[in-house]
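What follows is the residue order along each chain.
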Amino acid sequence: MLFPTIEFALFFMLVLPCTWLLNRRNALKKAMLVVASYVFYSFWSIPFLLLLFLSSLFNYAFGLLVGRSADPRLRKALVGVAVAGNLMPLCFFKYYDFLAAQLQALGALAGLQLDLGSTGVAVPVAISFLTFHGISYVVDVHRGRVEASRSLVDLLLYVSFFPHLVAGPIVRASEFLAQLARPSDPRNIDLGGSTLLILGGLFKKVVVASHLSILFVDPVFTNPQAYGTVDLILAAYAYAIVIYCDFSAYTDIAIGVANLLGYRFPRNFDQPYIALSLQEFWHRWHITLSTWLRDYLYIPLGGSHLGRWLTYRNLILTMVLGGLWHGAGLQFIVWGALHGVGLAAERLLREATDEGGRFRRFLRGELGQTIRWLLVFHFVCVAWIFFRSADAGSAVDYLGTILRRVGDGAPLTASPLILVLMMAGFLTQLLPPSAYEAADGSFRRASVAAKVALSTAAIWAVIMLAPSGVAPFIYFQF
Amino acid sequence: MTTLAPAADALPPVRGLARTHPMRGAGLLRLGPAGRAIALVYATCLLLALAYPQALAAWLDDFEPNPVVEAAQGGAARLVALSESLGIARISGSVRDLGKGLTRKPD
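If you're matching them up, the sequences are chains A and B in order.
Each residue of the first sequence is one higher than the last, beginning at 0 in numbering that gives the first Met the number 0.
Each residue of the second sequence is one higher than the last, beginning at 0 in numbering that gives the first Met the number 0.
Rather than coming from a laboratory, the hints here were simulated on the basis of the structure.
Treat the hints with care, as some may be off.
Claimed, not checked - SDA-like, lysine to any residue: derived pairs with alpha carbons at most 25 angstroms apart:
#1 Lys99(B) <-> Trp43(A)
#2 Lys99(B) <-> Met422(A)
#3 Lys99(B) <-> Ala457(A)
#4 Lys99(B) <-> Asp217(A)
#5 Lys99(B) <-> Thr221(A)
#6 Lys99(B) <-> Ile213(A)
#7 Lys29(A) <-> Trp43(A)
#8 Lys99(B) <-> Asp189(A)
#9 Lys99(B) <-> Trp459(A)
#10 Lys29(A) <-> Tyr41(B)
#11 Lys29(A) <-> Phe10(A)
#12 Lys29(A) <-> Thr221(A)
#13 Lys99(B) <-> Glu6(A)
#14 Lys29(A) <-> Asp189(A)
#15 Lys99(B) <-> Ile242(A)
#16 Lys99(B) <-> Ala8(A)
Stated by the list, open to error - Residues of chain B placed beyond 10 angstroms of chain A at every Cβ, according to the derived structure:
#17 Ala36
#18 Asp60
#19 Asn65
#20 Val68
#21 Ala70
#22 Gly73
#23 Val79
#24 Glu83
#25 Leu85
Glycine included, each C-beta is placed from N, C-alpha and C at the ideal position.
Please work from the sequences and hints to get the whole structure.
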């Protein structure tokens, strides 16, 4: 069930009043939300509901075991088992076929014929986000950041809550479980902000991302040889906009929907393409993933406390694993490695130059900032080419074609509509926060009747401009 | 004057929807924040169904026929008729065709 569909509208029209009618009976409300979330997931797969349930049960049990254990060594061992247990389904469903194929290829190079078979099943939707939530819960119990949940229903809801279940944002147990302890306060509903997030998300996904993908990005990435240099470069920019509009749309709608139900989710995007460094980019892009990787991977690896070279290693390793999380393919590893090496290089440059020196002063100036922005944005776009391509070879081929076809006079296929959509998509994240605050303020002050009129008009306009059928969100595959 | 307050006395869970934070300037309904959220979602969906009922009808046509679907299709047909009588469905249909033409994939 996708957010911008009639199915979801009907589903939400049922869940929203039920949630508030049961608000004073908190236990019943949470049970109802668990059932609703399982119904939501069942639209993708009924068999994998069992995986969802068993994963929650497993983490519930290990949370209690870790929470009750006084022996630090036992707690550590239990957390290790819990983390491994969370990773097992992910490795099986997502990485087994990839690893088997790589080993078979290596075996063939060595003259060995290996038959490692394949799982023969599709990767369950949301398995990565399921894993993230499970690991963060048991590790946070171990670290004492959250108490082990004594309520199975709470944990079932934490893992399966439908707004974040499929593609995030990644919500920490400490943030969410505390909200389940008592009935939601309806005064915390930010009706104006939530509505704007949902309307903006629908526009970004249905109008900008869907059309740009269908009309331009998909054809160019499928057959780059058929296009000239300018089209190839424009398609790389367009994909940067598509992935931002697609993914931020999902999390914006998820945050808005959760808030209408009385729950708060963390922010996941903050104008990522205005970043002046890769470090800043990762503070603005998929914030809940980058902080997750920092807290559960980078810091346990030693973070920046083991000396300069090990810090670089940790940065690169964290980003490579972050890339691998996105998909079982060399292209995702390269994407992660590019970001890891980039982050390490930035750190090296910072450490090798004097804070008050001429070079750093130049970088802080207007020209320096422009150069930094250009470098970071284009670095991110080149990395996205790997992320979007079917495999690493196709990405290299794409980049090679850009260079090979310089000046060959290939006709431009990007229509004015594509350029308008790109500009609209770019504007959605370039507008200063004050513009959003002004819109939010006006919307907040409007009467419910005016809000209804505006929402209806905005969604009607989105429907009028929508392509036939809406493709799933990009992050569903991860 | 219609108000949810008496209903709230009769049905305790509704109290949270109706009690606090009256809707500014409306006077017709006295809704709390949750009630306003529900009213916004329902009113928006209903107006959209009236503004572009063709989408709802087409969506229902994709289901295997059964008594529930047939009843829903009957309701959708009435909605289409109402929207057409108001001239809204025709406007939406024309604008949708324009939108499709504007964003058509080149041959």
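Evaluated hints:
The suggested pairing of Lys99(B) with Trp43(A) is violated, with an alpha-carbon distance near 29 angstroms, which exceeds 25 angstroms. Between Lys99(B) and Met422(A), the direct Cα distance comes to roughly 20 angstroms. Compliance with the 25 angstroms bound is thereby established for this hinted pair. With a CA separation close to 17 angstroms, the supplied pair Lys99(B) and Ala457(A) stays within the 25 angstroms bound. Restraint check: the Cα-Cα separation between Lys99(B) and Asp217(A) comes to about 19 angstroms, which is no more than 25 angstroms; the hinted pair holds.
A distance of roughly 23 angstroms separates the Cα atoms of Lys99(B) and Thr221(A); the hinted pair therefore holds under the 25 angstroms criterion. Proposed proximity of Lys99(B) and Ile213(A) is supported: the alpha carbons are some 13 angstroms apart, at most 25 angstroms. Proposed proximity of Lys29(A) and Trp43(A) is supported: the alpha carbons are some 22 angstroms apart, at most 25 angstroms. In summary, the hint linking Lys99(B) to Asp189(A) is not supported, as the alpha carbons are separated by about 35 angstroms, beyond the 25 angstroms threshold.
With a C-alpha separation of about 14 angstroms, the suggested pair Lys99(B) and Trp459(A) falls inside the 25 angstroms cut-off, and the hint holds. A hinted pair counts as satisfied when its Cα atoms are at most 25 angstroms apart, and Lys29(A) with Tyr41(B) qualifies at roughly 22 angstroms. The hinted pair formed by Lys29(A) and Phe10(A) meets the criterion: a straight-line CA distance of about 16 angstroms does not exceed 25 angstroms. A threshold of 25 angstroms between alpha carbons decides the hint, and for Lys29(A) with Thr221(A) the separation of about 45 angstroms lies outside it, so the pair is violated.
A C-alpha spacing of about 22 angstroms is found between Lys99(B) and Glu6(A), which places the hinted pair at or below 25 angstroms, so the restraint holds. Restraint check: the Cα-Cα separation between Lys29(A) and Asp189(A) comes to about 21 angstroms, which is no more than 25 angstroms; the hinted pair holds. Using a Cα cut-off of 25 angstroms, the hinted pair Lys99(B) and Ile242(A) holds, with the two alpha carbons roughly 23 angstroms apart. At most 25 angstroms may separate the alpha-carbon atoms for a hinted pair to count; Lys99(B) and Ala8(A) meet this at roughly 23 angstroms.
Consistency note on Ala36(B): stated as away from chain A, yet its beta-carbon is not over 10 angstroms from all of that chain's, at 5 angstroms minimum. With a least CB separation of 12 angstroms from chain A, Asp60(B) remains clear of the 10 angstroms interface cut-off, as annotated. Every beta carbon of chain A lies more than 10 angstroms from that of Asn65(B), the smallest distance being close to 17 angstroms; the non-interface claim holds. Every C-beta of chain A lies more than 10 angstroms from that of Val68(B), the closest at about 13 angstroms, which supports listing it as non-interface.
Listed as outside the interface, Ala70(B) is consistent with that label: its C-beta sits roughly 15 angstroms from the nearest C-beta of chain A, beyond the 10 angstroms cut-off. No Cβ of chain A approaches the Cβ of Gly73(B) within 10 angstroms, the least distance being about 17 angstroms, so the stated non-interface status holds. No beta-carbon of chain A is positioned within 10 angstroms of the beta-carbon of Val79(B); the least distance is around 15 angstroms. At the 10 angstroms boundary, the C-beta of Glu83(B) stays outside the reach of chain A, the nearest C-beta of that chain being 16 angstroms off.
For Leu85(B), the non-interface assignment is confirmed: its Cβ lies about 14 angstroms from the closest Cβ of chain A, beyond the 10 angstroms cut-off.
Checked against the numbered hints listed earlier, the structure breaks hints 1, 8, 12, 17; every other hint is satisfied.
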